[in-house]
Structures are given as C-alpha cells and as structure tokens.
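Undergrad: Single-letter residue listing:
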Amino acid sequence: MRAAILQGASASTLRAAMHAGGCRSMRETALAMVAEGITSLDEVNRVVPDDEAGPRRAGKARRVAVVDDDPTMRLLLRLLLEREGFEVLEGENGEQAVAVVRRERPELLVIDLTMPGLDGYEAIGAIRRELSLARLPVIVLTAENGPGIQQRVLELGADDYLVKPFDAGVLLARVRAALRRSERLAA
Amino acid sequence: MRRDMSIAQAPPDCDADLVAIIDEVRAAFLRTARCQVEEAARALVTQAGNAVGRVDPTVLARTIHTIKGTAGSVGLPNVSAAASDVEGVLRRDAGSGAALQQALERLARLIRDSDTP
Numbered sequence: 001m002r003a004a005i006l007q008g009a010s011a012s013t014l015r016a017a018m019h020a021g022g023c024r025s026m027r028e029t030a031l032a033m034v035a036e037g038i039t040s041l042d043e044v045n046r047v048v049p050d051d052e053a054g055p056r057r058a059g060k061a062r063r064v065a066v067v068d069d070d071p072t073m074r075l076l077l078r079l080l081l082e083r084e085g086f087e088v089l090e091g092e093n094g095e096q097a098v099a100v101v102r103r104e105r106p107e108l109l110v111i112d113l114t115m116p117g118l119d120g121y122e123a124i125g126a127i128r129r130e131l132s133l134a135r136l137p138v139i140v141l142t143a144e145n146g147p148g149i150q151q152r153v154l155e156l157g158a159d160d161y162l163v164k165p166f167d168a169g170v171l172l173a174r175v176r177a178a179l180r181r182s183e184r185l186a187a
Numbered sequence: 188m189r190r191d192m193s194i195a196q197a198p199p200d201c202d203a204d205l206v207a208i209i210d211e212v213r214a215a216f217l218r219t220a221r222c223q224v225e226e227a228a229r230a231l232v233t234q235a236g237n238a239v240g241r242v243d244p245t246v247l248a249r250t251i252h253t254i255k256g257t258a259g260s261v262g263l264p265n266v267s268a269a270a271s272d273v274e275g276v277l278r279r280d281a282g283s284g285a286a287l288q289q290a291l292e293r294l295a296r297l298i299r300d301s302d303t304p
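Protein chains in written order, with the numbering used here: chain A, 1 to 187; chain B, 188 to 304.
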C-alpha cells in the first residue's frame, strides 16, 4: 500500500490495497495504525515491508508455521510440508503461534483451535489485530466441527478451514492455493 | 487386523514417500496413544466404583480429542471412531466408571490391534 501511495495510485487502487491488507476502510486502516502507535510514514516503512506478502526469500524455501499441541500432528505436518519443499516452523500453543509469526514472518500459518493456554481462536484474533500480519494466510486445521465453528474462525480472519481427520493431498493443495492467492494480492 | 487407510490407502500412482511418511507417523502415534489410553484405563480400574477416578476428565477429554483427530489423519478411522465414542461418554455424564471403562478398553484394544504388524 505504501508503494501505491508513493506512486500516486488512485483512490480505488488504494482501497483495493487496504482490502488486501485486511482493512475495510481508510478509517479502519488509520485506527489500526494508531493502535500500533504508528503515526509517520517512517513507522509505516518499519512495520509494513515493501513486499507486503512477507519477506520473499529468493532462492530459499518458503516457510510455513505449524501450530498444534499434538506432537504427532506436528510431525505429520512437518514431514508432509518438507516433502513439498517448505521450511517448517513449529509451535504448540497460541502464544507460540503469535510469537513465531511475529519473529519469523512465515509465508503461511497452519493452526489448530483447541490448545492449552491461548487457543487458536485467540491467536488468530491477536494476529489479525496486528497491521503487519494482516495478510498472513491462515489455515485452521482442527478436529472441532461443531455448528458455527467454521463461520466463527473465518470471521475472525482465518482464510481456510480443514477438519481432522484430513486428507494429506487436500491439505497440501489448500496450502498451495492460499500461497497463490497471497502472491497474487502482493503482485 | 483391520487398518483403513484414508491417507495411506494411496492410489496406485501415489508417491511411495508419502506412504512412508504416513507409516512413520502412524507408528509414532500408536506408541504414544497406546500408553496414554492404557494408563487412563488402568487409573480407572484402580478407582473402580468412582466416576472417572483419578483421571482428570478435562485432561482425558483433551487426550481423546487429539487421538480422534490424529488417528483418522494417519489412516486409522476405526481408532478415530472409537475415540469419538469415548468423547461421547465423557460428554454425556462426565463418564460413569463402567461406561467410560468399557469405551476406553475398546479404544485400547483397537490401538493394540493396529500396532500389531
């Protein structure tokens, strides 16, 4: 969005950029910036990288953060994703999810809902409240399948929702699709 | 032994390494789940007559929930279904001693059977 402003983009282009960044209006964008203490363009530069899709790691494996309290599930996801050439970062609860995406800026997050401490719902909410993480693709992978859960997590800001038990091929296809969408938005 | 492999039941052209991954994770899962479920069942036996006994129902519910999700994802839908049954018993009445014992023993048996080469 910053690049668009500097290049004199039209109002509609800026609005599209804000939508892509997870903000619905100029007012919401301004409020999000103020909430994070951002009051100058220098601060915007610091928080929002030029490549808003996250650091492009030219020549390096794309990184996926996997957060689940079950070590067996993390092992399964790690092996499946590494087989596809991704680098995998791990966390076992919501606190670690927020910490790892803040620190490492992965290209995508796969997260469980039911975890001790900060759960998946709270973690997704926390991530979406941070302007610099607004465009991180988030896939929820959970055994929770009750009424209204899918709607709730999508409205919280998750991009996709997959129920355990899951099909490995479908999960990998969803990961690739989420990354494609993210890259198109950043283009 | 019946092993339904939703993932591992690969189509003929599926990569062998995907099957190997599922096999590896399934073996790790079965080792862990077997210990967890047998330990819970033993704890219930020692407290026969008391509902749930020394087993913390919250911890047990989380463990069983995890087993349900992981078992199905590594090609063990029958284990996943049995874990779902245990969840149902826990939800209905926090698990009466006998009903919970029975459901846990069935789950433990299925895990043991699946772990047998």
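Please note that a few of the clues may not be correct.
Stated by the list, open to error - A few chain B residues that face chain A, going by a derived Cβ cut-off under 7 Å, partial list only:
| hint | residue |
| --- | --- |
| 1 | 206 |
| 2 | 207 |
| 3 | 215 |
| 4 | 217 |
| 5 | 222 |
| 6 | 223 |
| 7 | 252 |
| 8 | 253 |
| 9 | 255 |
| 10 | 259 |
| 11 | 260 |
| 12 | 289 |
As the list claims (entries may be wrong) - In silico negatives: residues of chain B with every beta carbon more than 10 Å from chain A:
| hint | residue |
| --- | --- |
| 13 | 204 |
| 14 | 225 |
| 15 | 226 |
| 16 | 228 |
| 17 | 249 |
| 18 | 256 |
| 19 | 258 |
| 20 | 264 |
| 21 | 276 |
| 22 | 293 |
| 23 | 295 |
| 24 | 296 |
| 25 | 303 |
Just so you know, these hints were derived from the structure itself, not from any lab. Quick reminder that beta carbons are idealized off the backbone N, C-alpha and C, glycines included.
Undergrad: Hints first: check each against the structure and report whether it holds.
TA: Okay, the hints, checked on the actual structure:
1. 206: With Cβ-Cβ at 10 Å, over 7 Å, it is violated.
2. 207: Violated, because the Cβ-Cβ distance from residue 207/B to chain A comes to roughly 9 Å (cut-off 7 Å).
3. 215: 6 Å, holds
4. 217: This hint is violated: residue 217/B lies away from chain A, its Cβ roughly 9 Å from the closest one there, beyond 7 Å.
5. 222: Violated, because the Cβ-Cβ distance from residue 222/B to chain A comes to roughly 12 Å (cut-off 7 Å).
6. 223: 11 Å, violated
7. 252: Given a least distance of 6 Å, the restraint on residue 252/B holds.
8. 253: 5 Å, holds
9. 255: 6 Å, holds
10. 259: With a closest approach of 2 Å, the residue 259/B hint holds.
11. 260: 4 Å, holds
12. 289: Cβ of residue 289/B sits 23 Å from chain A, so the hint is violated.
13. 204: 6 Å, violated
14. 225: At roughly 17 Å from the nearest Cβ of chain A, residue 225/B sits farther out than 10 Å, so the non-interface label holds.
15. 226: 16 Å, holds
16. 228: Given that every Cβ of chain A is farther than 10 Å from that of residue 228/B, nearest at about 20 Å, it holds.
17. 249: Residue 249/B not clear of chain A: closest Cβ-Cβ about 7 Å, inside 10 Å.
18. 256: Non-interface label on residue 256/B violated, nearest chain A Cβ at 3 Å vs cutoff 10 Å.
19. 258: 7 Å, violated
20. 264: It is violated; residue 264/B is separated from chain A by about 7 Å at its closest Cβ, not greater than 10 Å.
21. 276: 17 Å, holds
22. 293: 19 Å, holds
23. 295: Label holds. Min Cβ-Cβ 17 Å, cutoff 10 Å.
24. 296: 20 Å, holds
25. 303: 19 Å, holds
Checked against the numbered hints listed earlier, the structure breaks hints 1, 2, 4, 5, 6, 12, 13, 17, 18, 19 and 20; every other hint is satisfied.
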